[in-house]
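S.K.: Below, each chain spelled out in residue letters.
There are 2 protein chains.
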Amino acid sequence: MRRLPFLPIVSALFLVPCAGQPLSSWNDNAAKKSIVDFVARVTKEGGPDFVAKSDRIAVFDNDGTLWTEQPVYVQLAFILDRIREQAPSHPEWKQKDPIKSVLEGNLKAALAGGDKAILELFAATSTGMTTEEYGGIVKAWLATARHPRFKKPYTELVYQPMLELISYLKEAGFKVYIVSGGGIEFMRPWTERVYGIPPEQVVGSTVKVKYDVSGGHPALLRLPEIDFIDDKAGKPVGIHRFIGRKPIFAAGNSDGDREMIEWTTAGNGARFGLIVRHTDGDREWAYDRQSAIGRLDKALDQAAQKKWLVVDMKRDWKIVFPFQK
Amino acid sequence: MRRLPFLPIVSALFLVPCAGQPLSSWNDNAAKKSIVDFVARVTKEGGPDFVAKSDRIAVFDNDGTLWTEQPVYVQLAFILDRIREQAPSHPEWKQKDPIKSVLEGNLKAALAGGDKAILELFAATSTGMTTEEYGGIVKAWLATARHPRFKKPYTELVYQPMLELISYLKEAGFKVYIVSGGGIEFMRPWTERVYGIPPEQVVGSTVKVKYDVSGGHPALLRLPEIDFIDDKAGKPVGIHRFIGRKPIFAAGNSDGDREMIEWTTAGNGARFGLIVRHTDGDREWAYDRQSAIGRLDKALDQAAQKKWLVVDMKRDWKIVFPFQK
Chain A
177 MRRLPFLPIV SALFLVPCAG QPLSSWNDNA AKKSIVDFVA RVTKEGGPDF VAKSDRIAVF
237 DNDGTLWTEQ PVYVQLAFIL DRIREQAPSH PEWKQKDPIK SVLEGNLKAA LAGGDKAILE
297 LFAATSTGMT TEEYGGIVKA WLATARHPRF KKPYTELVYQ PMLELISYLK EAGFKVYIVS
357 GGGIEFMRPW TERVYGIPPE QVVGSTVKVK YDVSGGHPAL LRLPEIDFID DKAGKPVGIH
417 RFIGRKPIFA AGNSDGDREM IEWTTAGNGA RFGLIVRHTD GDREWAYDRQ SAIGRLDKAL
477 DQAAQKKWLV VDMKRDWKIV FPFQK
Chain B
177 MRRLPFLPIV SALFLVPCAG QPLSSWNDNA AKKSIVDFVA RVTKEGGPDF VAKSDRIAVF
237 DNDGTLWTEQ PVYVQLAFIL DRIREQAPSH PEWKQKDPIK SVLEGNLKAA LAGGDKAILE
297 LFAATSTGMT TEEYGGIVKA WLATARHPRF KKPYTELVYQ PMLELISYLK EAGFKVYIVS
357 GGGIEFMRPW TERVYGIPPE QVVGSTVKVK YDVSGGHPAL LRLPEIDFID DKAGKPVGIH
417 RFIGRKPIFA AGNSDGDREM IEWTTAGNGA RFGLIVRHTD GDREWAYDRQ SAIGRLDKAL
477 DQAAQKKWLV VDMKRDWKIV FPFQK
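One line per chain: the protein sequences are A and B, in this order. In terms of our numbering, the first sequence opens at residue 177 and continues consecutively. In terms of our numbering, the second sequence opens at residue 177 and continues consecutively.
Since the hints were derived computationally from the structure, they do not count as laboratory data. Note that the structure is a prediction, hence the values are computed from the model and not measured. One or more of the hints may lead you astray.
Note that identical chains are pooled: a pair holds if it fits in a single copy or bridges any two copies.
Here are the simulated DSBU-like pairs of lysine-lysine, each with C-alpha atoms no more than 35 Å apart in a straight line [said to hold, decoys possible]:
(1) 483 - 384
(2) 270 - 292
(3) 386 - 351
(4) 494 - 209
(5) 384 - 351
Could you build the full structure based on these sequences and the hints that come with them?
M.R.: Put into structure tokens, the structure is as follows:
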């Protein structure tokens, strides 16, 4: 008899939107609806689009899809910082490019050599140590480095709506992977803490690594030789190699993700392709077809043809970063 | 008051060994005890050897550790069958070795060319198709092929005590991986069904694979080029690449597994190395130091020095295969 008066209060608790609701940083519009509809379809047992839990694989690009990639990729910021930090013990670095130009503060000149220059900077700063040492260096750097515009640790410059999307998919039984052009060992030390994605669910570019017992303690040495570039047509290859199943959901933000989304969305059954489009110069950045970093051109055309969801940051996201909550 | 008389019956229910008990195909001796003790230690919260669930990674070799590798590796049996099956549409195969000798029934001559010959046989039978096609071929072959001695499907020639060990570790919160010198794509189509290990938890040797849209449907083509050999010193490298964490438990049966176990058992905290020693010519095979397949020589010496558990099939296992139950 005393229960009835409480009913409206209880209902209100369940109906009022709150921070704990799924996808609460997404505006209530068509973009959010298409995600929710897809998840409802593939998880509805007995429904025509039902997908067994073991086949609910979702893949996310990292740079520009889960965290900011401007004004330079975070891994490049790491490399540049490390060159400046290590320079005193490498006097020979002042003699030749590309490192010379980095030390002179001329990034444009340093990168003028293209991929070869980037590989040289990478080899000088990110190889020649054990995998354990490298992981420690990455963690130590992330603990102190600050983004030049936002003055925050890079790991706080992750997109809140995408964190919610990862959680939402995991709640729906998806196994969520990162599939990035970035170095696999640059990401694995922190993805579990920041995204809730464990190291074994991170796919990325790799260097050759060598088993070595010469120091008395068995270790793995990072060699200055690229093993695999997990970008563009390499992404489906990397997914196949590491996961061994074709995903049904793929999210990216640039032409580097085009083949991954194309492959994921081809085939039978319900499939979902998502492109994050950077349209918000005030809260983050606005760039697409002409950008040197994160160019989104062919993939944008293909998204329209193939009906991939193009997420417009400005239109679809209530906030971009967690600290804007 | 009526409860006391039932107590002995209830206790008996929990103490009498039965098929549903963990490790029930293992004899109750020191080998089984050391496994049970290890698992108890790493799962005891607050204990000195406790290991967080996310770090409970176990790796198992496949050939000779989980299923029989005699008289030839199962993958080689597949390759030989496929040569005989495809020969009618390849008249040129009769002209040159190593395929010529296979077709003449002279395996010794066919394999006289060593690794190069094996690679040629492999390339002729296992590349040049899409990854989906290859998976289908493997499954179709396994459904009909029979082991020459036991006249059973190869997937029934798995070691019952090792299946129980996998289940036991999974129950204790371990994530269990296969780490095999065999082809990753030769294993992934069936490991979930046979071992309860999903494709993404299978590490193995890989061929180069190419993303291809020329057929209108995006696909991955298997190229006749080795990408990575997951054997010997390659095993720690493969584990690091695919899993990104160091296991705390490693099981193998040959010198090909030596580095994997050496690396796994080096370092802080409780760690477990296990070697399956083939000592049972009646129920399976007896071979070790001098065997061409599955040679166990250096790893056997190292097992004694490092106190890895050497499982003696004859002494430690009640049955070998599930059909002996």
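S.K.: For every hint, state whether the structure bears it out.
M.R.: Verification of the supplied hints:
no., hint, result
1, 483 - 384, "between (38 Å within a copy, 31 Å between copies)"
2, 270 - 292, "within (18 Å within a copy, 47 Å between copies)"
3, 386 - 351, "both (30 Å within a copy, 25 Å between copies)"
4, 494 - 209, "within (15 Å within a copy, 57 Å between copies)"
5, 384 - 351, "both (27 Å within a copy, 25 Å between copies)"
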